[in-house]
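Peer 1: Start from chain F and add chain P according to the hints.
Line by line, the protein sequences give chains F and P.
In this text, residue positions in the first sequence follow this note's numbering: the first is 1, and each later residue adds one.
In this text, residue positions in the second sequence follow this note's numbering: the first is 1001, and each later residue adds one.
Careful: at least some of the hints might be erroneous.
[To be verified] Listed next, the in silico DSS-like pairs over lysine-lysine satisfying Cα-Cα at most 25 Å (straight line):
# : chain 1 : residue 1 : chain 2 : residue 2
1 : P       : Lys1008   : F       : Lys403
2 : F       : Lys170    : F       : Lys100
3 : F       : Lys219    : P       : Lys1262
4 : F       : Lys170    : F       : Lys219
5 : P       : Lys1160   : P       : Lys1170
6 : F       : Lys407    : P       : Lys1008
Keep in mind that the hints were calculated from the coordinates and are not lab data.
The residues making up each chain are set out below.
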Amino acid sequence: MRRTIPSRTGAPSEAPEALTPSPSDLAFSLDAEGHRGAMQVCVRAGDAVLSGQPIAEGEWQVLHSPLAGTVSVSDARQVVIQCSTEQPDWCAAPMPLADKSELPDYLRAMGLVGMGGGRFPYARRIARILERPPHTLVINAVECEPGIGIDESLMIHQNREVFAGAEAFKNLLGMRRCVLAVRRSTRRHLEPFLENHSFDWLEMPDRYPGGAGKLISAKLSGRMPRAGMLNSDLGFLISNVASLWAFGRRLIEGRPSVDRPLTLLAPDAPPRQLVVPLGVSAGHVLSACGVSFDAARQILVAEGRLMGRAVERDYRVGKGAIALMVLNRERRWERPEAPCILCGSCFDACPLGLHPIGMANRIREGRSSRSLEAQLNECFLCGACSAVCPAEIPLVQVFREGKTWLKNKA
Amino acid sequence: MAEKQSMKAPFFRSGTDVRGMMWAMLACLTLTAAHFSLRYDGAYFPRFLLVVFSGWALEWVVGLLHDGRSAWPRASTGVTGALLALSVPAHMPLLPLLCGLLVAVWFGKLIVDRNALRLNPMILGRLFLMIVFAAPMQAWLAPGREISAITSATPLGLYKAEGVAFSAHKLLLGAIGGDWEGVYELLPGAPGELMPLLALFFGVILYWTGVLDWRPGVAFLSGFAVVCVVLRMPLVFHLLAGSVIFTAVYVITDPRSTPGSKAGRWMAGAMAGAITAAVRHHGYYPEGVVFGVLAANLLAPTLDRLAFALRGITLRLTGRSPSRGE
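Pulled out of the complex, with its shape left as it was, chain F reads as follows (with noise of 0.2 Å):
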């Protein structure tokens, strides 16, 4: 069935925009889910803070501050700055690496997650293939969320830093090949701006979620990795743009992954593409911005239309948070569940070839088969079926039960 879900097309990303006014306060959540592991606070209440200071720590990753201010609250659960009116120019200071082996404690320090929205430390990701390195990277700008259009943008404006990551991963851990992910639509986009650089390309369809990790590897090597097993495992390291930029920006300058990157969507205006300190508040990018927000008739989401959240005026930009967005409410999305017609709009839409209502109905009655936990295992929670469904039944939710319940019983 056309029950498809489009992704952007239209003229190219303009270039992103630094926000300002800088913004008065910033917090952070220390929760281990949301980075991926414990993070420990190193600042107290009352220290003043620099740009680009370790504020919390964790296994895999360090958290820093990105303005300069006095810490107003820190706890196991936040850390919040008051950010000062002056704020002094980064002072650049290339920060090279040698050797492969200085990868992971250098990505540690500089705080690099995974910046298409998964969060992964890299440093735990990167420590985990030095002894047997992937023999390709590729660079995912595949970016099939509706309506973003960040990495397209930091592609055209400023590809110095991202491929300046991207040559960095390839060398160090000598990488044989880079692969170049678009959609079909923004290659022609982004061929003016990249006839430097050494690359191949490899498109994507135009629907979501042609971006999905899984669905590259599938189509560079013709092998879909099966639950449980990695990207890298198939010999493929797949960096998102954002991730890139991140680390080519602490290469260049030194600076550490304090910024965020991201696209501000709101009803009739053209897309923003922003880059925002981190722990910045949802509220305060919609003012600077000029956007008006009414929550009586409008929804604030955050990370895209299919994986992100309904946030409110106070949601702080994570390192995952590639959008912000005002969407004005639809009745469709308030609509009682209604029973299934059986219609297999949710089987085309699923990417993986999986059986979303089948698992659906199987779960919801308690019935567990190693059929059912199979699929389940290899769901990615993309959200495709639940946006094709015409009974409004909420199957990412029910998914993402399953799975908990599964591990429990486990």
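Peer 2: The following block gives chain P in isolation, referenced to the frame of chain F:
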């Protein structure tokens, strides 16, 4: 750092909802009825509307009797009524037709446990009519005539009686008329099967707008075609005569009564098509659609369970690329 709990992702919808799908189907069926009415019988369209609204009224009454409360009838019941009206002779007496409608709506839609049995309500109603009201179901009358003084036949009836295949070109365009050697007056069959080209056109639109899946229809036609070739039946004639195309577009694609899985749809559609062709060749009835579709419906839950288990097995064993590797 508050997070809204009431609304969850995805904040995006592709395609229309269930009601929209049913209204789109009903619109196409209504236009089909209007087309027949314009070309052959001006009195048919009001009768078609009467059947559709009767279906809604029946559902309301039955719902009231069953649940003790009044509820708005569903668009899908309108589709059931429309399909039934389009698949029986245009001049079928109203009372038997309404009895068939009652079976379709009451038994087919409201009583049958959709977890245990997924039967197409319209086909149930039609089967009831074929068994209980066999004579009216085969009474093909020219418009404006109450008594048939000359033997009349539909193209399929002519083939069954004389082994003569009507012109495929005329069948495609619904240009059915005249006589055969002065013996038979040729009449169109049921209104829905008059013009296969129109059914195909609406089928493409319904697929393009995300209402229908193409697999069951293509599988049905493929299974039908294979058996026709094996049994040396005139393939093009049989594809265009009777309700094969109508069934491929509107009946075998009924989501409720066909498997949900892709593999299941291929299997069910092919099986229904094969049985239809076999019944046409060997059976008493000139049309075999009812039996083919019902057989596929009966196997639908089993086919879905099988497809689910097979997917799990392939995932555990191989980690192959999926059917949509992109």
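Peer 1: Take the hints in turn and mark each one as holding or not.
Peer 2: Checked hints:
Taking the CA atoms of Lys1008/P and Lys403/F, the gap is about 17 Å. The hint holds against a cut of 25 Å. Proposed proximity of Lys170/F and Lys100/F is supported: the alpha carbons are some 10 Å apart, at most 25 Å. Proposed proximity of Lys219/F and Lys1262/P is supported: the alpha carbons are some 22 Å apart, at most 25 Å. Distance restraint check for Lys170/F and Lys219/F: the Cα-Cα separation of roughly 21 Å lies within the 25 Å cut-off, and the hinted pair is therefore satisfied.
With a C-alpha separation of about 18 Å, the suggested pair Lys1160/P and Lys1170/P falls inside the 25 Å cut-off, and the hint holds. For the hint pairing Lys407/F with Lys1008/P, the CA-to-CA distance comes to about 22 Å; that is within 25 Å, so the pair holds.
Violated hints for the displayed structure: none, as all numbered hints are satisfied.
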